[in-house]
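Student: Listed below, chain by chain, are the residues.
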Amino acid sequence: QSALTQPASVSGSLGQSITISCTGITSNIGNYNLVSWFQQHPGKAPKLVIYEVTKRPSGVSNRFSASKSGTTASLTISGLQAEDEADYYCCSYAGSSKVVLGGGTKVTVL
Amino acid sequence: QVHLVESGGRVVQPGRSLRLSCAASGFSFSRYGMHWVRQAPGKGLEWVAVITLDGSEQYYGESVKGRFTISRDNAKNTLYLQMNSLRREDTAMYYCVKDLGITGDYWGQGTLVTVSS
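Protein chains in written order, with the working numbering: chain A, 1 to 110; chain B, 1001 to 1117.
Do not rely on the hints blindly, as some may be mistaken.
To be verified - Listed below are the simulated BS3-like cross-link pairs for lysine-lysine, each with C-alpha atoms no more than 25 Å apart in a straight line:
id	chain 1	residue 1	chain 2	residue 2
1	A	K55	B	K1065
2	A	K106	B	K1065
3	A	K47	B	K1043
4	A	K106	A	K55
5	A	K68	A	K55
6	A	K44	A	K55
7	A	K98	B	K1065
8	B	K1065	B	K1043
9	A	K47	A	K106
10	A	K98	A	K47
11	A	K98	B	K1043
Claimed, not checked - Covered by chain B, per the in silico footprint, the following chain A stretches (three or more residues, Cβ under 8 Å):
id	stretch
12	7 to 20
13	66 to 75
14	79 to 86
Unchecked claim - Some chain A residues flagged as far from chain B (calculated, every beta-carbon gap over 10 Å):
id	residue
15	T23
16	I25
17	T26
18	G30
19	H41
20	N62
21	R63
22	S96
23	S97
24	V109
25	L110
Calculated directly from the structure, the hints in this document are not laboratory data. Using N, Cα and C, we set each Cβ at its ideal position, and we do this for glycine too.
Can you build the whole structure from these sequences, using the hints too?
Tutor: Below, the structure is given as C-alpha cells:
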C-alpha cells in the first residue's frame, strides 16, 4: 500500500487535457511544498517533470503543470500527445529526509 | 553532466547477501542526500532508503528495515546498499536517486536484483 494515493489509470484523447491527483496527509503533502512528479516510459528510468509542487525542470514541456491544495497535489498535462503515454508517479517529502511515493498512474492517449 | 551508474545486481539465492553500488559524477556528491528506490517487475516505485549528505543519518522503508544498510563514501563519490537476508520479494530494479526529497532530478539507469533459488 502506497503512502500517496493516485488513480490507477487516466486516459484522454490527443490534444485534450488530463489531471492526475495525488492524495497524502498532513505530515507529507500537507506540511511541505516539496512535491515532485516523475514520468516513466516502459523500460526506462523515471524522469523528473515537476519539482517543488509547480516548477518545471529545463527541457520539460510547458504542457506539464501542477498544483497543490491541502493534502492533495495534482499534475495536469495539456494538449495531450502520443509521447505523453507513460506511467506517472508523485513523490512528497515527509520530514527527516524521508519521502513517500504514490502508487503510479498509467496515462493512456486515445 | 550528471551521471549515476548503479552496479552489483545479479541473481542471488534467498537468504544471501548482496551489495549494490552507485557511482556518481558531474555534481558535488557530498552536498546532497542520496536515495535508493526500487521497482519490482510490473509494479510501481518503492522508496527503499535515504542517507544524508554527510552520512550521519539513514532512514529505511518498512519492508527493508533491519535487513538493508545504506552508506556512502564521499571521497569516492559512491553510494552503497548492503542487502542482507534477501527475500524473493526483494526482486526488483534498484535505482539510486539524487536529492529525491527535494527534487529527485537525477536517477541512474538501475541495476537488477533477482532473488531466486
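Student: Run every hint past the structure and note whether it holds.
Tutor: Tested hints:
1. A:K55 <-> B:K1065: This hinted pair is violated, its Cα atoms lying about 33 Å apart.
2. A:K106 <-> B:K1065: violated (29 Å)
3. A:K47 <-> B:K1043: Cα-Cα ~17 Å, so holds.
4. A:K106 <-> A:K55: holds (22 Å)
5. A:K68 <-> A:K55: holds (12 Å)
6. A:K44 <-> A:K55: holds (23 Å)
7. A:K98 <-> B:K1065: holds (13 Å)
8. B:K1065 <-> B:K1043: Holds, at roughly 20 Å.
9. A:K47 <-> A:K106: Roughly 15 Å separates the two Cα atoms, so the pair holds.
10. A:K98 <-> A:K47: Given pair K98 (chain A), K47 (chain A) holds - Cα atoms ~20 Å apart, limit 25 Å.
11. A:K98 <-> B:K1043: Judged against 25 Å, a Cα distance of about 21 Å means the pair holds.
12. 7 to 20: violated (count 0)
13. 66 to 75: violated (count 0)
14. 79 to 86: violated (count 0)
15. T23: At roughly 15 Å from the nearest Cβ of chain B, T23 (chain A) sits farther out than 10 Å, so the non-interface label holds.
16. I25: For I25 (chain A), whose nearest Cβ neighbour in chain B is about 16 Å away, the distance exceeds 10 Å, so it holds.
17. T26: Since the minimum Cβ distance to chain B is about 17 Å, T26 (chain A) lies beyond 10 Å and the statement holds.
18. G30: holds (16 Å)
19. H41: Since the minimum Cβ distance to chain B is about 13 Å, H41 (chain A) lies beyond 10 Å and the statement holds.
20. N62: holds (18 Å)
21. R63: holds (20 Å)
22. S96: At roughly 6 Å from the nearest Cβ of chain B, S96 (chain A) sits no farther out than 10 Å, so the non-interface label is violated.
23. S97: Answer for S97 (chain A): violated, closest chain B Cβ roughly 5 Å.
24. V109: holds (20 Å)
25. L110: Given a closest Cβ separation of 23 Å, the condition holds.
Violated hints, listed in ascending order, are 1, 2, 12, 13, 14, 22, 23; each of the other numbered hints is respected by the structure.
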